[in-house]
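Asker: Dock chain U against the given chain P, drawing on the hints supplied.
2 protein chains.
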Amino acid sequence: MIKIAAVKEIYENYRDHMRRVADIKAALALMQWDQETYMPVKGTEFRARQVATLSEMAHEMITTDKLGSWLESLEGSSSLTETERKNISLTREDYLKQKKYPPAFVRKMSETVSRSFNAWNQAKKESRFELFENELAELILLKKEETELLGYQKHPYNALMDEYEKGCTVDLIDKVFGNMLPKLRNILEKIQQASPPDDRFLFKSFDKKKQWDLGMEVIAELGFDFEAGRQDLSTHPFSTSFNKFDVRITTRIDENDFSSMLFSCIHETGHSLYEQGLPESEYGLPSGEYASLGIHESQSRLWENHVGRSRSFWKFHYPRVLQIFPDTFQEITEEKFYRAVNKIKPSLIRTESDELTYHFHVMIRYEIEKMLIQGDLKTADIPACWNEQYKKWLDVDVPDDRQGCLQDVHWSHGSFGYFPTYSLGSFYAAQFFASAVKSDPLLNSKMEKGATGGLLLWLRQRIHGSGRIWNSEEICKFATGETLNVQYFLDYLLDKYGKIYEF
Amino acid sequence: MIKIAAVKEIYENYRDHMRRVADIKAALALMQWDQETYMPVKGTEFRARQVATLSEMAHEMITTDKLGSWLESLEGSSSLTETERKNISLTREDYLKQKKYPPAFVRKMSETVSRSFNAWNQAKKESRFELFENELAELILLKKEETELLGYQKHPYNALMDEYEKGCTVDLIDKVFGNMLPKLRNILEKIQQASPPDDRFLFKSFDKKKQWDLGMEVIAELGFDFEAGRQDLSTHPFSTSFNKFDVRITTRIDENDFSSMLFSCIHETGHSLYEQGLPESEYGLPSGEYASLGIHESQSRLWENHVGRSRSFWKFHYPRVLQIFPDTFQEITEEKFYRAVNKIKPSLIRTESDELTYHFHVMIRYEIEKMLIQGDLKTADIPACWNEQYKKWLDVDVPDDRQGCLQDVHWSHGSFGYFPTYSLGSFYAAQFFASAVKSDPLLNSKMEKGATGGLLLWLRQRIHGSGRIWNSEEICKFATGETLNVQYFLDYLLDKYGKIYEF
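Taken in order, these protein sequences are the chains called P and U. Count the first sequence with our numbering and you get residues 1 to 503, in order. Count the second sequence with our numbering and you get residues 504 to 1006, in order.
In short, the hints are calculated from the structure, not lab data. Treat each hint with caution, since some may be false.
[Unchecked claim] No farther apart than 30 Å at their CA atoms in a straight line, the calculated lysine-lysine pairs in the DSSO-like style are these:
#: 1; chain 1: P; residue 1: LYS42; chain 2: U; residue 2: LYS713
#: 2; chain 1: U; residue 1: LYS569; chain 2: P; residue 2: LYS66
#: 3; chain 1: P; residue 1: LYS210; chain 2: U; residue 2: LYS711
#: 4; chain 1: P; residue 1: LYS86; chain 2: U; residue 2: LYS545
#: 5; chain 1: P; residue 1: LYS208; chain 2: U; residue 2: LYS713
#: 6; chain 1: P; residue 1: LYS100; chain 2: U; residue 2: LYS569
#: 7; chain 1: P; residue 1: LYS42; chain 2: U; residue 2: LYS589
#: 8; chain 1: U; residue 1: LYS545; chain 2: P; residue 2: LYS208
#: 9; chain 1: P; residue 1: LYS166; chain 2: P; residue 2: LYS86
#: 10; chain 1: U; residue 1: LYS528; chain 2: P; residue 2: LYS66
#: 11; chain 1: U; residue 1: LYS711; chain 2: P; residue 2: LYS208
#: 12; chain 1: P; residue 1: LYS210; chain 2: U; residue 2: LYS712
#: 13; chain 1: P; residue 1: LYS25; chain 2: U; residue 2: LYS569
#: 14; chain 1: P; residue 1: LYS209; chain 2: U; residue 2: LYS707
#: 15; chain 1: U; residue 1: LYS711; chain 2: P; residue 2: LYS209
[Unchecked claim] One side of the interface only, derived from the structure: several residues of chain U facing chain P at Cβ under 7 Å:
#: 16; residue: ASP526
#: 17; residue: PHE549
#: 18; residue: THR556
#: 19; residue: ARG733
#: 20; residue: ASP749
All residues carry an ideal CB built from backbone N, CA and C; glycine is no exception.
Isolated chain P, as found in the complex (with noise of 0.2 Å):
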C-alpha cells in the first residue's frame, strides 16, 4: 500500500507528463492546421520531418517506463477520486496498446502509409486505381498484422474499429446496418416515386466575399466562441483543436453551390462546440478528451442536419439569407428553400450526399473493409466490387475509380475501421436531440426565433462535461436514458421526409 500522501504526489506527476504530451500534441496540431490552411507549397518537406520528430517524441512519452509504473501503482488506488480512478485505467490502457507496437512496426507503418498516400493522391489524380493497387496491398497487410499485435475476439477487423470507437463490433455495426438499412431503403423508394423539390436555384452564382460573412454569422450565432478559435479557407474543410481555449475550423467555397460551404461551417462548428465545451482543468487527461469519433459525429450531424437543416433554423436565418442574395432568392418561398436543402439523391460522393443515402455510402465502405481484413477481398477486385455494390443499393454507375473507389483519402492513410463512426454520429444524434426536445418541448420554437443557447447547455450538461471518462454507449445512456436505438435516427427521417415528399 502506497500512502495517501505518495498517492497524490504520483497523481501530480502523472498529470504533469500527460499535460505535456497535450503541447507537443497542441504543437502538432498546429502545424498540420498550418499545412492546411497558410503553409507555403515548398514547406511540405521540412514540415513532414518536423510532425515526424515531434510524433516520435510524443510517442515516447506516452511509452515510458516512468509512466508505466505510475500507472501500475496507482491503478485502483482508493485515496484517488472516482474521476482520477478512470483517468488511471483509461491512460493505462491507452499506454499497454501503445506498448504492443514494436518500434519497428511503426517505423514500417509509418513509411508504408507515407507511400501509400502518395500512390494515392496519383492514382486519384489519373483516376487510375491500378496506380495504388499495390501500396494499398501492403497497406492491408500491415493492418492485418497490427490486428494481430493488438489482439481481438471474433473479428480482426474489430480490433480496427476499436481505434475510433471503443468497443465497437462487427456485431454490433452488422446489427445496425442489418436492421436499418433495408427500412433506408423502403424510404428511399418512397422518396423516389414522389416528385423531387427544385432545387435549381442553389446552383447559381454567389459571391464568395458573401458567402463567407453569412458563414461567420451563422457560426456565430450558433455559438462559436470567436474568441476561443476561428475560422479559415482550406481544400478540406476540418476541425481541430489546441486546447478548448482554441479551436479551429475550416470551410471552402464553391461559388456556383449555396449550401457546400454553409452546411461545412455548422457541421464543422458542431465539432468545435464540443471541443470548446471540454472541460478546461482536466487538459492532457482522458477525462478533458473527447469520448470517440462516434460521439464527435454525433455533435457535428446534430448542429448540421438537426439544426441546420430544420424547419426552425430556415425561419430565422433564410429572411437573412434573401437580404443578402436578393436577386437570386427573391421567387423562392421559405417552403421552397427547405425542400431544395433536403433533396435527397443517390450520388456518386459520399461527402457530397443527402442525409438518407449518406449511410449506403458508408455500409459499403465497412463491407468492403470488412473483405480485406478477413482476406475474402482482393484489393485489385476493389473496384468491381465497389462499382457493383453502388448499383446495388443506389443505382447509380460509377464512371471512373477517381469517382468511385479512389474518393476518400482514408484507406490510403490506413484508416480502416473509421468509417463506421460516422453513421454512429447520425444515430447518435438523432437520439441526443430526440431526447434534448423531449427535456424542452419548446426547442423548436426557440430556434424559430434563432436562440440555440438551450440546446447548447443541454449538450454541455449531459455529453461534453465528462471527457472520455465515459464511452459513447454510457454517455448515451446517461443523456437519453437509453443506449444506441437507430429508431430515433429512422423516426426522424420518416417524419421530416414524409412530410418533404408527402407520403
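Answerer: Positioned in the frame of chain P, the structure of chain U alone reads:
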C-alpha cells in the same frame, strides 16, 4: 584516436540530433508566429505553457550529456571536413555555454521575465514607469548574475552582447559610437540648417487594400519567394523562419501613413531573403544558421535603406505608386517623393526614426544598459536619465514614459545587449552595399530598371551561404575585403543627404 568510420557515424548522430532540435525550434517558431498573427485571444495561457514545454525539451536536447560526449570525441577530428569541424566546435561552444546555466537559474529567469513583461505592458499602458521599476530591478539583478555565470573579460556587459553578436565588446562599440556620433551630429546640424522637404502628402489617406497589394508587389519584385514564404498582418512587424522553404514576414498598415507599411515590408523582406538563402543541406547545423543579429540586420537595412530609400529604386517604382494613388500624388514629382521618404527629423520613437537619428536612439539605450549592468545607474533613475539624454542628443522633450523609456519591449524580455546590433547592422549594410556597387558599377542603373537579382546573387554568394561558420567580422572581410569600417556609412549619409539637403 577514433577510426574514420566511427567518426562519420558519430557525426551522423550529432547531425541527426541537431536536426531534431531544429524541428522543435521550428514548431516553437510556428507557435510564436501564430500567436502574433491568427491565434484567438483566449488561447494565450495554454499557448504559453505549450511554448514552455517545447522550449524545455529543446533545452534538454542541447544540453544532454550524450551530445556533450559526441562533441568532445569529434572536436578537431582530422577525419572531418573543415565545415564539419567548424560545426562541431561552434555547437560545442553553445553546449558548454548552455551548461553554465543551472536549471534553477533558467526557471527563475523565465518566471521573472514573464512577470516583468506583464508589468511593462501595464506600465506602458498607463505610461507609468514606476509600475515596471521593481520587476526590472529584479531582472537586472538576474542579468548581472548571468554575466557572472557566463564569465567575461573587462566589462560584464560584454557577456550579454556576446549572446547576440559574438565577439562584440564594449571597447568595440564605444570606439564605433565614439568615432561616429560627433560626425552624425555634425551632419544632423547641417541638415537642420537647411529647409526640410515637404512630406505632408505622405500622411493623407491611403486605402489599406491598395497599400497591401503594392507591398506584396514590391516584395515579389525584390525576389521574395512566395512559394517558400508568406506575408501576414501583425501588430508589430517581424520575420521568422521554420526552414529556408518556409520563411514568414508580417507587416501592419497605417491608413494615414504611406511610408509605414511599405518600408517595413522592405525591411522584413531583407531579413527573409537572408533566411531563404541559407543552405538547405545544413538545416539544423551552425552552417545552416544566420551568422549573427548584426549580419541579419545588415540585410534588412541594406534592402530598406540602400535599395528601398534610393533614387534608383523609386525611378522604377514611383510610376506604379502614381498609378495606384493618382489623386494623392498627382502634383508630386518623383524627386519630391524621394526627398520626402528620406526626411531627417529627430523624434521620440526609435522604430519610427530616420536612418541617421536612429543611431542616437541606439546609443542612448546602450549607455543606459551599460550603466545598469555595471551598477552605475539605479533603475528608478532611468526615466530622468533617458529624458536628459534625448534632450542632449536629439533636442526633443519626452512628454511621458510611454513615449520615453517604456517604448521598447526589449528590457522587459531581459534582452540587454541587443540594441547595438541594430546599429552594427546599418554600418555593415553600408559597407556591403558599397562593395556590391564596386563589384558591379551598373548596380544602381539596373535598379532603375527594377532589376535587383544581381544584388541578391552577390549577397547570396558573399553573405548568405556560409551560415554562421564565419562570424560577422570574417563575413565582412570575405565580402568586402576589410573588417567593419564605419566610414562607408558616413560617406553614404554625406553623399545622400548632402544632395538632398544641399550642403
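Asker: Hint check: LYS711/U vs LYS208/P, CA-CA at most 30 Å. Holds or violated?
Answerer: 21 Å, holds
Asker: Checking hints one by one. Is ASP749/U an interface residue toward chain P, by the C-beta closer than 7 Å rule?
Answerer: 4 Å, holds
Asker: Below or equal to 30 Å on CA atoms is what counts here, so check LYS25/P against LYS569/U.
Answerer: The hint holds at about 26 Å.
Asker: Between the alpha carbons of LYS100/P and LYS569/U, is the straight-line distance 30 Å or under?
Answerer: Satisfied, since the Cα-Cα distance of roughly 28 Å is no more than 30 Å.
Asker: CA of LYS210/P to CA of LYS711/U, is that 30 Å or under?
Answerer: It holds: about 20 Å lies between the C-alpha atoms, which stays within 30 Å.
Asker: Hey, LYS528/U versus LYS66/P, does the alpha-carbon distance stay inside 30 Å?
Answerer: Distance of about 26 Å is within 30 Å: holds.
Asker: Is the hinted pair LYS86/P and LYS545/U satisfied, with a Cα-Cα distance of at most 30 Å?
Answerer: 29 Å, holds
Asker: Check the hint pairing LYS711/U with LYS209/P against an upper bound of 30 Å on the C-alpha distance.
Answerer: 18 Å, holds
Asker: For the pair supplied as a hint, LYS569/U and LYS66/P, confirm whether the alpha-carbon distance does not exceed 30 Å.
Answerer: This hinted pair holds, its Cα atoms lying about 20 Å apart.
Asker: Does ASP526/U hold up as a contact with chain P if the rule is Cβ-Cβ below 7 Å?
Answerer: This interface hint holds because 4 Å falls under the 7 Å limit.
Asker: Between LYS210/P and LYS712/U, is the straight-line Cα distance small enough, at 30 Å or below?
Answerer: 18 Å, holds
Asker: Hinted pair, alpha-carbon criterion (30 Å max): LYS209/P, LYS707/U. Please report holds or violated.
Answerer: 29 Å, holds
The structure agrees with every numbered hint stated previously.
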